[in-house]
Amino acid sequence: MDDGRLYFDNAATSFPKPVQVYEALDAYVRGVGGTAGRSAHERAQAGSRLLFELREALAELCGGADDRVVLTKNATEAINLALSGLARPGATIVHGPLEHNAVMRPLTHLAQRHGWTTAQAPGDALGRIEPTALDAFLAQTNADVLITLYASNVHGLAQDLAAIGEICARREIIFIVDGAQGGGLLPLDMDAMRIDALCLTGHKGLLGPTGTGALLLSERGAERIQPLLLGGTGSASDKEAMPDFLPDRLEAGTPNTHGAAGLLAGVQYLLEETIEVAARYEAELRARMIERMRALKGVTIIGDAAGPATATLGITSRLAPSDMAFLLSEKYGVAVRAGLQCAPRAHRTLGTFPDGTVRLAPGLFTPPSAVDEVADAIGDILRTQR
Amino acid sequence: MTSPACALTFLSVHDVIKAEKLALAAGLRARLIPVPKQISPECGMALQIDCERLSKIEELLAPLQARRVGSFRIAGAAFEPLEG
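Heads up: the protein sequence lines correspond to chains A and B, in order. Using this note's numbering, read the first sequence as starting at 1 and increasing by one per residue. Using this note's numbering, read the second sequence as starting at 387 and increasing by one per residue.
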C-alpha cells in the first residue's frame with residue numbers, strides 16, 4: 001500500500017488518520033481493555049472515563065450538552081434513532097433534495113410502518129435548500145420534522161443550517177441534521193443552529209475509526225426521543241425496563257470502547273487544530289480541484305459554486321464514471337468513488353442519475369500537489385482513452 | 387486525624403464521573419469507588435469524599451442535583467444513609 005497521498009475517497013472514510021488515533025486505539029486495546037459502565041474496577045473506570053471524555057469533546061466541538069451525547073455505531077444508526085424516536089405516528093416529515101440513503105431508506109421504510117407523509121423541501125439546481133422558499137413551503141405542509149444533510153456526499157456543498165434551523169424553531173418543527181459529511185470539517189453549533197438531533201459518524205471528518213458515531217440532542221429532543229435499541233446498560237440493573245435517564249436510555253449493549261478511544265483522539269486533534277483551520281484547508285483543496293477540472297476539456301464539474309463546502313467534488317466526462325475510476329486506480333494509483341455514492345435522490349436532483357459521477361474527495365492530510373497529480377491523470381485518461 | 391469518608395451516588399456513570407471532575411477541579415479530594423448493590427443498583431460507582439467537605443461538594447454539585455440518588459457515611463464496609 002502507498003502512503004495515501006492519492007487517496008481521494010475521504011468522503012467514504014478518512015485516510016490517513018492523525019497518528020494519535022492509531023496510538024489511542026492500540027493503547028486502549030492493549031493497555032486498558034475494560035468495558036465502560038459495567039463495573040467499578042480500575043479498567044472499567046478507565047473505559048467509563050473515556051466515554052465521558054468523548055461526550056465532553058463532541059459537545060465542545062459541536063455545541064450542546066455532554067449528557068445529551070448518545071454514542072452510536074455510525075451516522076446511519078443515529079439517523080434511524082432520531083427518525084424513529086422523534087417522529088410520531090402520522091407525522092409529516094420534510095427532507096432535503098440531496099439526502100443519502102442513510103436518510104431515504106429509513107424514511108421510506110418507517111413512513112410505511114408509521115403512516116408518515118414525506119415531502120421534499122425546495123432547493124436550487126444544486127439541491128441547496130432556499131430558506132425563503134422553504135418557509136413558504138412549510139407554511140403549506142404542516143410539517144412535524146425536517147431532516148437534511150449538512151454537506152452533500154456527492155458534491156460537497158453545504159446547506160445553510162442556521163437559516164433552516166431558525167425557520168424550524170419558529171415553526172416548532174423538530175430539526176434533524178445528517179452531519180456525516182461536514183461534521184468535523186465545517187463549523188457546527190447545534191445550539192446556534194437550533195438543531196434538535198445532530199447525527200454524526202466518527203470515521204469521516206471526525207477522523208476516528210469506523211464503527212463509531214453519535215447523536216447529539218437538544219433539550220427538547222432529549223425529552224421527546226424514544227429508544228431504538230433495548231437491552232443492558234450497566235445501570236438500573238434491578239429493572240427490566242430501560243432507564244429513564246440519558247445517555248443510558250438510548251445506549252443498550254456493550255459500547256465500542258476502543259473505537260471511542262480512537263474517535264476521542266480524532267476529535268481532540270480537531271479541537272486543537274480547530275475547525276476553522278480544517279474548513280479553510282478543505283476550501284483550498286476544493287478551489288484547486290475546481291481550477292484544475294475547469295482547465296480539462298471534456299470534464300463537467302458537479303458542484304462548481306461558491307459557498308461553504310467540503311473538499312468533495314463530482315465530475316462527469318464522456319467516460320462512464322466506473323471506467324474512469326477503474327483507470328485512475330489501475331494506472332495511476334488514485335482512489336476515488338464512482339457511481340451513485342448511495343445517494344440516488346441527490347443524483348436525480350443533480351441530473352446525474354443513473355450513471356452518477358466520479359467523486360473526488362481529498363482530505364485534511366492530502367497535499368495540494370496531489371490534486372495536480374490527480375488532475376493530470378484524468379487529463380491523460382481523457383486524451384488516451386477512445 | 388483524617389476526616390471520615392462519605393459517598394454520593396448518582397443515576398449514571400456519566401454523572402458520577404462528572405461529579406468527580408467538578409470536585410477535583412475545585413481542589414477537593416474525591417475518588418470513584420464501587421458501591422454495594424444494596425446501596426445502589428444504578429451505576430455501581432460512587433464518589434467518595436471527605437465528610438467535612440460535604441456542604442462544599444453539595445454546593446459544587448448543584449447542577450447535578452436532579453441526578454443525585456443518595457448520600458452515605460462510610461463506616462468500615464457499611465454505607466449509612468445521611469439524613470436529608
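Keep in mind that the hints were calculated from the coordinates and are not lab data. Do not rely on the hints blindly, as some may be mistaken.
Pair ranges (Cβ atoms, derived) [stated by the list, open to error]: (1) B/Leu-414 - A/Thr-108: 47 to 57 Å; (2) A/Ala-192 - B/Leu-414: 31 to 41 Å; (3) A/His-41 - B/Thr-388: 23 to 33 Å.
Bear in mind that the values here come from a model prediction, so they are computed numbers and not experimental data. For every residue, glycine included, the Cβ atom is placed at its ideal position computed from N, Cα and C.
Hints broken by the structure, by number, lowest first?
The structure conflicts with no hint, since it agrees with every one listed earlier.
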